[in-house]
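Each protein sequence line maps, in turn, to chains A and B. For the first sequence, the working numbering gives the first residue as 1, with consecutive numbering after it. For the second sequence, the working numbering gives the first residue as 149, with consecutive numbering after it.
Just so you know, not all the hints are guaranteed correct.
Unchecked claim - Some chain B residues near chain A, calculated using beta-carbon distances under 10 Å:
1. Met149
2. Phe177
3. Ser180
Said to hold, decoys possible - With a straight-line Cα cutoff of 30 Å, these simulated DSSO-like cross-link-like pairs (lysine-lysine) come out:
4. B/Lys154 to B/Lys218
5. A/Lys13 to A/Lys121
6. B/Lys151 to A/Lys121
7. B/Lys151 to B/Lys218
8. B/Lys208 to B/Lys151
9. B/Lys151 to A/Lys14
10. B/Lys218 to B/Lys208
11. B/Lys208 to A/Lys121
12. B/Lys218 to A/Lys121
Unchecked claim - Chain A is nowhere near these chain B residues, computed Cβ spacing over 10 Å in every case:
13. Ala153
14. Ala191
15. Ala198
16. Ala240
I should point out that these hints are in silico values taken from the structure, not numbers from a laboratory. For each residue, glycine too, the CB sits at the ideal point set by N, CA and C.
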Amino acid sequence: MPPLNQLAQVPVKKRFPRELDGLEALVSFTDQFFRDGSVDSRLRFAVDLCIEELFVNMVRYNRETVHPIQLELATCEQGVKITLTDYDVERFDPRSAPAADVHAPLEQRQPGGLGLFLVMKMVDSIHYEYANRESKISVVISDGAQHV
Amino acid sequence: MFKVAKADNGVIHMSGRLDAAQAPRAQEFLDSEQGPCVIDLSALQYISSAGLGVLLRTHKRLMAAGESVKLVEVNAHINDVFSYSGFDRLFAIETASDVG
Numbered sequence: 001m002p003p004l005n006q007l008a009q010v011p012v013k014k015r016f017p018r019e020l021d022g023l024e025a026l027v028s029f030t031d032q033f034f035r036d037g038s039v040d041s042r043l044r045f046a047v048d049l050c051i052e053e054l055f056v057n058m059v060r061y062n063r064e065t066v067h068p069i070q071l072e073l074a075t076c077e078q079g080v081k082i083t084l085t086d087y088d089v090e091r092f093d094p095r096s097a098p099a100a101d102v103h104a105p106l107e108q109r110q111p112g113g114l115g116l117f118l119v120m121k122m123v124d125s126i127h128y129e130y131a132n133r134e135s136k137i138s139v140v141i142s143d144g145a146q147h148v
Numbered sequence: 149m150f151k152v153a154k155a156d157n158g159v160i161h162m163s164g165r166l167d168a169a170q171a172p173r174a175q176e177f178l179d180s181e182q183g184p185c186v187i188d189l190s191a192l193q194y195i196s197s198a199g200l201g202v203l204l205r206t207h208k209r210l211m212a213a214g215e216s217v218k219l220v221e222v223n224a225h226i227n228d229v230f231s232y233s234g235f236d237r238l239f240a241i242e243t244a245s246d247v248g
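Using the sequences provided together with the hints, build the complete structure.
This is the structure in structure tokens:
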């Protein structure tokens, strides 16, 4: 029986219905990943935030599909790798999203547009692949990243 | 689990996880606030951009009416999110360490 931290090297994945009400199920899945893999709890807030922002972005903007979204979690040398895959959708590279102006005064600020900005602030790296109408976003979060 | 309630002293307390699923409920609650609004976040464990949108929308509405939103007992995780988002320049914020 390998130790828990080796077991966690094996990625865990699950598909989730594309509903905002389903966020609780993603949190439960992440709970189990952190618990079973003895993953550093200091990464949890940033991991939760990146999962939610990327998942919600897919739900809100990839409306042409009904397929569930796959979440895959794995530990890596640097920390945690999160991969979200959306099926039968158009290409959308989150790295190309316009940056939020967080220095604008209150009267010019509008709700929205902060989700992907926060993801970019919190990850060490972000990778995007698109092939056969599958959109796959991977991010790595480590304890050296500028996460909370 | 997200909860929002107003105490007898007028302070609003939020607890749990303010995510995209819970943001409409938080918005509905805050939409009924008319005066200066103090929100205690000491028991709020998590906030995403959807929750930030709720706070921003409420702050803009109250500021337009000459009022404001003050966020108190903010934990370090959430304070960092406020800082990244520029909310520290828009809101009056008291962190948990400010209070003691």
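Taking the hints in turn, this is what the structure says about them:
| no. | hint | in the structure |
| --- | --- | --- |
| 1 | Met149 | holds, 9 Å |
| 2 | Phe177 | violated, 16 Å |
| 3 | Ser180 | violated, 18 Å |
| 4 | B/Lys154 to B/Lys218 | holds, 14 Å |
| 5 | A/Lys13 to A/Lys121 | holds, 25 Å |
| 6 | B/Lys151 to A/Lys121 | holds, 28 Å |
| 7 | B/Lys151 to B/Lys218 | holds, 18 Å |
| 8 | B/Lys208 to B/Lys151 | holds, 23 Å |
| 9 | B/Lys151 to A/Lys14 | holds, 28 Å |
| 10 | B/Lys218 to B/Lys208 | holds, 12 Å |
| 11 | B/Lys208 to A/Lys121 | holds, 25 Å |
| 12 | B/Lys218 to A/Lys121 | holds, 25 Å |
| 13 | Ala153 | holds, 20 Å |
| 14 | Ala191 | holds, 15 Å |
| 15 | Ala198 | violated, 7 Å |
| 16 | Ala240 | holds, 12 Å |
Figure legend: structure checked against the earlier numbered hints; hints not met, in rising order: 2, 3 and 15.
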